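Quick mapping for you: the protein sequence lines, in order, are chains A and B.
49 is the number that the working numbering gives to position 49 of the first sequence; each next residue is one higher, with no gaps.
Remember, the working numbering sits 1000 above the position in the second sequence when you count from 1.
Don't read these hints as lab results, they were simulated from the structure.
Computed from a predicted structure; not experimentally measured.
Don't be surprised by glycine CBs; every beta carbon is placed ideally from N, CA and C.
Please note: incorrect hints may appear among the correct ones.
[As the list claims (entries may be wrong)] Derived lysine-lysine pairs resembling BS3-like cross-links, with alpha carbons at most 27 Å apart:
(1) B:LYS1341 with B:LYS1199
(2) B:LYS1289 with A:LYS56
(3) A:LYS54 with B:LYS1331
(4) B:LYS1341 with A:LYS54
(5) A:LYS63 with B:LYS1289
[To be verified] Partner residues are not named here, just some residues of chain A that face chain B (Cβ under 8 Å, in silico):
(6) ILE4
(7) VAL11
(8) ALA35
(9) ILE43
(10) PHE45
(11) ILE64
(12) SER65
(13) LEU68
(14) GLU69
(15) TYR71
[Stated by the list, open to error] Away from chain A, derived, C-beta distances all over 12 Å, residues of chain B:
(16) GLY1003
(17) PHE1078
(18) ILE1105
(19) VAL1108
(20) THR1253
(21) THR1257
(22) ALA1262
(23) GLN1317
(24) TRP1368
(25) ALA1370
(26) PRO1371
(27) VAL1404
(28) LYS1438
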Amino acid sequence: MSTIGYDSWAVDLAEVGAVYPFQGSEGLMVVLGVAFWIGWHRIQFVREGAHLDKAKEMGDKEKISALLEKY
Amino acid sequence: MDGNLNALTTVFTEFYYWVTVVFMFLIHVGFCMYEVGASRHRNHMHTLMKNIMIIPLVTVTFFFFGWWIYWSFPNFPFFGGLNHDAGAANLPWSENMGTNLSDRITGVFWAAFLLFSWTAASIVSGAVIERIRSSALWVHAVMIGSVFWIIDAAWGWHAEGWMVKYLGYHDAYASGVIHAIAGGYALGVIMVLGPRLGKFAADGTPRDIPPHNPWMLTIGIFLIYSGFWGFYAACNIPAISPEGIGGLLTGETWTATNIYLAPTSLSAITFNFLMSLSGGLMAAYVVSKGDAFWTFSGGLAGIITASAGNDLYHPIQAMLVGAVGVVIVYKLHYWVERTFKIDDAVGAVAVHGYSGIVGLIIAGFLLWGAPSSPYEGYATVNPVGQTIGAVIMFFVLGFLPAFVISKMQAAAGVLRIPVEVELQGLDYAEHHAYEDAKAEIIAADKAALNGGGVPAE
């Protein structure tokens, strides 16, 4: 048994199509991939929000002024 | 070159490998920029020169004996003797190793492998910056670039290699044969070499030594990405007939193949290269909380983790493998740093070594039962074979020789630079003439300025 559907290359390539593992599970793979993508955005929004909330409290007028001068 | 089709295929193949070599040159440019960006000002020239001289040293030794090893060692020494017939055509005095109108492929194929050799040596070079003697590193460069990696290539990256035959070892784009071995080798060297001054606090807490130029680092890693395209293409045979392969394949359909002459396509590896790069970047950004150094390196680690099976994976599998690999590698890097006080200056052991190991093992599961070769009687891909392969690459051919050679160098007092030199910087120590000349001309210009703008005679 082979995950790619072939356990030998004794084949005529004219008759071979997809050779990736777990053919037939494309729908599940897309679900997992999309979950990874959406999850990434979710984590990013949450983290950036928390970071900005923290950062806005850290302002020191002198330091900010120096940064403005630095451009 | 009898017949038009044969001529066209030969010239196409020759040009194909030539282009991959040009692309792969960018990997070395990228490594140089990355190392210089990561080093501090006082070590720039030394860091650059250390990596640049890898090019000639590995090139000449790969011509003299590295290429012969690849053709002679596929079954040596455990499963047969040296393959003298194949080796003879690749000795430096063979007619094939020169201008020869009946062999238009050996030169470009040799060069493609040579650029892999530079990469292996350059990976080690990054881990040891700012405290190794160049003379010591250049011996390591020859050993990894023209001896140990090419032995592993003969065993696990040759159509007749014993690891492929008996273990079902599958490593299409070199997770193990380049990256795991180079990472293991780098670990062996830095364990003996020790950390840079100031890397660890008195209580053992690791300190970050920030790169002096993050932009140079960024451009460096993007050049490595660009060169990696050439690396991938160079791991393929671009077009070959079933008759040319001479294995179990039937029919008359030509195909691209991986290094084992098993079918794949350039389209497949393009899908998977980009998706594993993306999975690595996304996971690294999250796990490192947006750290630029780790995010960029994570893209590379994503590709490396998926590389063992990127000839066959589905693109989504490649993306997820890259992402999972990066999380493991990141955690492992800091655990090793804290536990063993290891100073891996550019994360080379993690990005290349750990990614390579993880990628090989994952491929053993995802490609379980897939044919490792188009020839009869070979083991199929399996997790045990891949795991043994990972141990051979990282520890047996990478870590062990590096550790032993480094111990010998340390015993002879030729491994590490003196503390005084490390503090004042290698550039001043080795390039004092430049520093003196610079100081003199600055002083002369200042004197002229103070004297009313008239240049001193």
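Hints and how they fare:
no. : hint                     : result
1   : B:LYS1341 with B:LYS1199 : holds (9 Å)
2   : B:LYS1289 with A:LYS56   : holds (19 Å)
3   : A:LYS54 with B:LYS1331   : holds (26 Å)
4   : B:LYS1341 with A:LYS54   : violated (33 Å)
5   : A:LYS63 with B:LYS1289   : holds (25 Å)
6   : ILE4                     : holds (5 Å)
7   : VAL11                    : holds (7 Å)
8   : ALA35                    : violated (10 Å)
9   : ILE43                    : holds (6 Å)
10  : PHE45                    : violated (12 Å)
11  : ILE64                    : violated (22 Å)
12  : SER65                    : violated (25 Å)
13  : LEU68                    : violated (22 Å)
14  : GLU69                    : violated (22 Å)
15  : TYR71                    : violated (17 Å)
16  : GLY1003                  : holds (22 Å)
17  : PHE1078                  : holds (25 Å)
18  : ILE1105                  : holds (23 Å)
19  : VAL1108                  : holds (26 Å)
20  : THR1253                  : violated (4 Å)
21  : THR1257                  : violated (10 Å)
22  : ALA1262                  : violated (6 Å)
23  : GLN1317                  : violated (7 Å)
24  : TRP1368                  : violated (5 Å)
25  : ALA1370                  : violated (5 Å)
26  : PRO1371                  : violated (5 Å)
27  : VAL1404                  : holds (39 Å)
28  : LYS1438                  : holds (28 Å)
In summary, the structure is inconsistent with hints 4, 8, 10, 11, 12, 13, 14, 15, 20, 21, 22, 23, 24, 25 and 26 from the numbered list given earlier, while agreeing with the others.
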